[in-house]
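J.: So the chains spell out like this:
Number of protein chains: 6
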Amino acid sequence: MLTRAVVDEVVTRALAEDAPWGDLTCEALVPADAWADAALVAREPGTLAGVDVFARAMELVGGGVEVTLLLRDGDRFEAGDVIARVAGPARSVLGAERVALNLVQRLTGVATLTAAHVAAVAGTRARIADTRKTTPGLRALERHAVRCGGGSNHRFSLSDAVMAKDNHLAVLQASGVGLTEALRTARTRIPHTAHLEVEVDRLDQVEAVLAADVDTIMLDNFSLEDLATGVAQVAGRALVEASGGIDLGTVAAVAATGVDVISVGALTHAARALDLGLDVTTGA
Amino acid sequence: MLTRAVVDEVVTRALAEDAPWGDLTCEALVPADAWADAALVAREPGTLAGVDVFARAMELVGGGVEVTLLLRDGDRFEAGDVIARVAGPARSVLGAERVALNLVQRLTGVATLTAAHVAAVAGTRARIADTRKTTPGLRALERHAVRCGGGSNHRFSLSDAVMAKDNHLAVLQASGVGLTEALRTARTRIPHTAHLEVEVDRLDQVEAVLAADVDTIMLDNFSLEDLATGVAQVAGRALVEASGGIDLGTVAAVAATGVDVISVGALTHAARALDLGLDVTTGA
Amino acid sequence: MLTRAVVDEVVTRALAEDAPWGDLTCEALVPADAWADAALVAREPGTLAGVDVFARAMELVGGGVEVTLLLRDGDRFEAGDVIARVAGPARSVLGAERVALNLVQRLTGVATLTAAHVAAVAGTRARIADTRKTTPGLRALERHAVRCGGGSNHRFSLSDAVMAKDNHLAVLQASGVGLTEALRTARTRIPHTAHLEVEVDRLDQVEAVLAADVDTIMLDNFSLEDLATGVAQVAGRALVEASGGIDLGTVAAVAATGVDVISVGALTHAARALDLGLDVTTGA
Amino acid sequence: MLTRAVVDEVVTRALAEDAPWGDLTCEALVPADAWADAALVAREPGTLAGVDVFARAMELVGGGVEVTLLLRDGDRFEAGDVIARVAGPARSVLGAERVALNLVQRLTGVATLTAAHVAAVAGTRARIADTRKTTPGLRALERHAVRCGGGSNHRFSLSDAVMAKDNHLAVLQASGVGLTEALRTARTRIPHTAHLEVEVDRLDQVEAVLAADVDTIMLDNFSLEDLATGVAQVAGRALVEASGGIDLGTVAAVAATGVDVISVGALTHAARALDLGLDVTTGA
Amino acid sequence: MLTRAVVDEVVTRALAEDAPWGDLTCEALVPADAWADAALVAREPGTLAGVDVFARAMELVGGGVEVTLLLRDGDRFEAGDVIARVAGPARSVLGAERVALNLVQRLTGVATLTAAHVAAVAGTRARIADTRKTTPGLRALERHAVRCGGGSNHRFSLSDAVMAKDNHLAVLQASGVGLTEALRTARTRIPHTAHLEVEVDRLDQVEAVLAADVDTIMLDNFSLEDLATGVAQVAGRALVEASGGIDLGTVAAVAATGVDVISVGALTHAARALDLGLDVTTGA
Amino acid sequence: MLTRAVVDEVVTRALAEDAPWGDLTCEALVPADAWADAALVAREPGTLAGVDVFARAMELVGGGVEVTLLLRDGDRFEAGDVIARVAGPARSVLGAERVALNLVQRLTGVATLTAAHVAAVAGTRARIADTRKTTPGLRALERHAVRCGGGSNHRFSLSDAVMAKDNHLAVLQASGVGLTEALRTARTRIPHTAHLEVEVDRLDQVEAVLAADVDTIMLDNFSLEDLATGVAQVAGRALVEASGGIDLGTVAAVAATGVDVISVGALTHAARALDLGLDVTTGA
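Residue numbers (our numbering), protein chains in the order written: chain U, 1 to 284; chain H, 1 to 284; chain C, 1 to 284; chain S, 1 to 284; chain X, 1 to 284; chain F, 1 to 284.
This is chain U alone, in the form it adopts within the complex:
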């Protein structure tokens, strides 16, 4: 469920960005009373995300555009499927078209890429999770898209879980602070609802981290063999997350090692916009 205030802010900003002084083409070419019926059509198969955001762009552009949804976020579709129907003044529909498409294409791209990863690990215990490698200003929307694709969200921001990564450990080491003790102290300083996760680069770091009673241990850039060893070593004392350069080609093998979570930055930073088009079917 996307927060209304967040969606409206993104859409309003995008509409203003795309037409700071109005739509020259529509004003010069399209009669003020022309009507447009249009269909949001898939040009390739995928998993839908952001169709409500698409609809909101059509509403917020003004003029009384109406959108009827035939599919919902999370639905699978094939090339040629009609996702939604749009009806309204042609100037409004065409004026909002690009913004509405940019949003739903991008979000559907994220959902579709996520769904492919999720399908690849079906039957394993692994969940596919996103990362903080999201588009600045669009995190809430992209995280929603990951959920639409069957993926799982990781922590949302720096504010809602501890994740001690290589750079943190480097600073700690330079400060002469022992890791286990530092993590134990950290636990007392964070909300009781906050998850404590630590990233390690080598198997020999695992015990020191587990000794601090962390919730998740992230094995970063491990070989498949080391991942399996790590899972065995952790033995249920914490969740195990695999991370680092995992893609569709490798994700099934990673899942087979028995990890609980596989985080994939590419879900949001390398997804391409899916090809959805707006076909004007009638105008009068």
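The set of hints was computed from the structure by calculation and includes no laboratory data. Among the hints, a few may not be true.
Said to hold, decoys possible - Rough simulated footprint, nothing fancy, chain C against chain S, three-plus residues with beta-carbon under 8 Å:
1) 103-110
2) 134-144
3) 169-183
Each residue gets a CB set at the ideal place from its N, CA and C atoms; glycine is no exception.
Given chain U's structure and the hints, the job is docking chains H, C, S, X and F onto it.
T.: The following block gives chains H, C, S, X and F in isolation, referenced to the frame of chain U:
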């Protein structure tokens, strides 16, 4: 040259998005007086864009972080090259790391993909141009990245050039208005500084459009053969733009047809974030 | 067509500016259930602009005010004409009155002044264009008003056309760069949709500028005689724009020289608010 | 003293409005390392207002522009006087030029028109006051300009004083409420710091208003003779304000009737921008 | 009457603050089609304020929640009274619950505390006024709550009345400026609608202040005896305001000294949120 | 560590709120060149929070005010202690005084009330936690204040942990969904980093909740006896949180029952502003 107000708005929003209530990890783990020296390092080759935005994120997070640029936007780099050096309180540097990287990685991805297209058409008359398929809220930054990659910007928004596309023509037709006449009228309604561009899907539409004295004619989804025919037919009476599903594999052949402009939506909607990392080199 | 997001932002800001803590007078004096019927009436003749903005202010103040438009933007009116009717809770109508009037009066002032200039050049080839001398924060609205008055918009901002003015040329000269070559290079750096205009102060600069194949040459502060000479010299190789201190007294003579465009800063920086009033016709 | 937050918001918005995607001209034409020394010069005499806002625009555009003020807000100047000196990267100076000028020209226009009215009533007891007929979004700045011109501010908004005008009285009458009683009740509902002012259209309304112990009585659109009669009738029991279509031609005669305050909407709604220019004196 | 723009800004910000990425609980637990009927119920007696703000939060969260008000701002209620009924999708109602309650509880707390003070001074000439010790960002709402409780607003901000306090007088003294003269000069510089109030700490300062013809004299932290003496000394030449550490235990005695205004910072800075609850009565 | 962007937004908004049109008093009374040295002094003992926010208000008001901190957030102070020294133009210091004080007083009030609760449970295993009953718009700052007082933050928003409360359970029941199963499903839908907490009203609900493997069980409005029974029953299978009307008088007894977390809404919704003052010590 990016507008300062625009950059600051994007960066401030991104920092707030990524830490609405502060950075749990740094507060719990990193001593308040710990220092971090760090390097922005390329993990793969590319063309730089957004290094000033990276630096601005480090500044705006607070605490007095200093950034020294070793490369500038538009510069080429190899894997392993140090792009910038960062020094400041560890909590600030690590708190801004992800936001700063997200921005520079994404923009450098756009610049690098653009540069590849530009290189592919070297020696032809064609310029590589972007489209309005940009990330909502980040258009100014992504357009800058395209320029860093040697590409050319297309119109920035609906407000600064006329582009009559298929959907506009469909509405016009449904309204019973003749195209040539409609375009001539449009010319009188737009600023004298506004460019008039029309998209056609078939060669037989070309003359009607040229008759209206347009500035650019866009040949959308034409075969290479039809593109060449179109260029010959236009014969300098307008600029010729090719568009529609062009990618690195086809762009050179398209350029060889003699078109003036090749617009590539993928530059911004399908670029992946380039792999740049922040290595903490010292902390004390 | 004004962008909805832009209008709402201007109106919301203005309402908050005019009543940060509510309307003392209405709260203290006007019964909560009092009703107001009112008419927006012209006190002097003019050309309407901004009546939708007026209506939006009445809507956004809250309380369910309804506005019926009798005239539309671009319509001419005489003193005494009723432009719109308003009905709603008296506290809402009176609370929004000043903001709604300030906007429509100012915009109608711009449209009316523009219409006078347009009428003065009727029968010539000249179009009357605005400039960037607009009210900070209100450019989109004032540009719309110019169009309502029959005028033409110039470039909207620094981002959508090149205009090389005296200060740019002074910097170029100090940098030791040749003008023609600089302009030719500029052409390759800007979008193919961007217009290239150069301002000259003297006739002897014209050829150097035309040599760079510019789109428009602006003759700044030229005498009528020199304007005519300039038009003849350019001879259709570029559009010719006249600018500099032109007003209603001189604009017809300027147009008679054969220039294509006459830009008049006064349209927006010296227009006075037109006298429109809100008459409460009934309250119960 | 202008509130910093207010000035920065206005200037930031104006800079973004004028260059949403950067300054095409400077990027294409002006070398990145070109320097500009410039002078803000008066082309006609006047009274300065907004020079700090001008300076703030130069600062906020970025790049490290420095502004040295030779005159201060409220100072008188003659044509040719240098008001301020500016030095910085040419791209920054030229990029901020129009926004900075638009603001200082407009505000100086208000101050200069105010000063003319103030001079016209010198030697009388009357103060020249502004109204709420200000530019939406710029009220704080325009009110400051009025003060720079020696004028006096009226209430700032609907929230800080009661002003019962014709439309309020019409609603009251339609609601069947007696005026004197309504005003007495109003006094008990407003802050003890709130001023109570009532507008009357005819002399025979004066006693009913005074009976309610108002602070100021506004005589709206009175003849000079009636104004003098009104002043005599009020006899110091309240301040007397004259209003309604007063201009430079009539203001002295109005002041001679003995009124305390003359409010002039034209100060802000009909002031023209004063002609100030930015001369680039050196560039290297 | 609260300004719509102000309420919407506060509510929108609060909703975004409380659910930057959506409502995890509702998404994970509550069926998308579950319905909630709920009642806003008082758990203790009080005076209502902010019920429209409560309703606006339910509206702005989205989903089509409907709110029916049984009581209005300013109404008294007992424990157990139903204040409003809410019906809508369970995810919307439960998602907005905390934000809606936080606002109405806090404002009702202010109104209730105010009403207690007002009741304590019944029968005296004293009005109970608030101060600028309000919650940053919520002043307009808290001032409204004070009015709901029968209290009176003091000046709203630094911009709408002069209040010379101890620190101003200290600076004046250090600057060597005489108080009476400084106040007389101040009167000429402020709007004729602006109230002039001065705070004194000792009885021997009263005459110097009255000599400047101030509107209100504030006796700060005076004993009851000195207050009575001060009232007698001022003798109607100005309003008398008592201030400084007054609470429910002392306010009646202060009022009995004959002061006109008693300002109580605690109304807004020490009010506790009143206990109002949202009971879900049906869900299907 | 407060996010800079968040602090600046709060402070900027507060300064604009308190002086939309400037500071009438300073402009009318205080010489432009007057200087103020001032001290932030405690009038009662407490625990400091928000001194950096106080300093930021002084900086952001403009004019170059400098603040020297003698104490830091989290420090204890006694009545009379000097917390910070301020030096700058008198108009700036006095103009920012109220906003700066409102913020630091309120936050210090929260920290001080928190510290009292923390002290009351010293020696037990219980941590004192805040709730979402924070001031709309100020949550990040108030949560920081709780930490300054030695308290612990609960989940920050609806987005970062699941908390199933009475109203959620009522909706679930009405939907005919079994609780244990619903919670198990919920676990699969939320981030692996998200905490799962459930509120129960009666002891007989405990086992059904524990069967779903929740992280924390909240015992809401339990008697001391039932709390102890609940702790024994849970027996370490989850964290136990006590909540509901706990205050300074009862918190020690609650802690003695062995609960892990005690959440106290009053920390933020009933804290009063602590009495801190700004004494101008010198002005010249």
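J.: Going back to the hint list, which numbers does this structure go against?
T.: none
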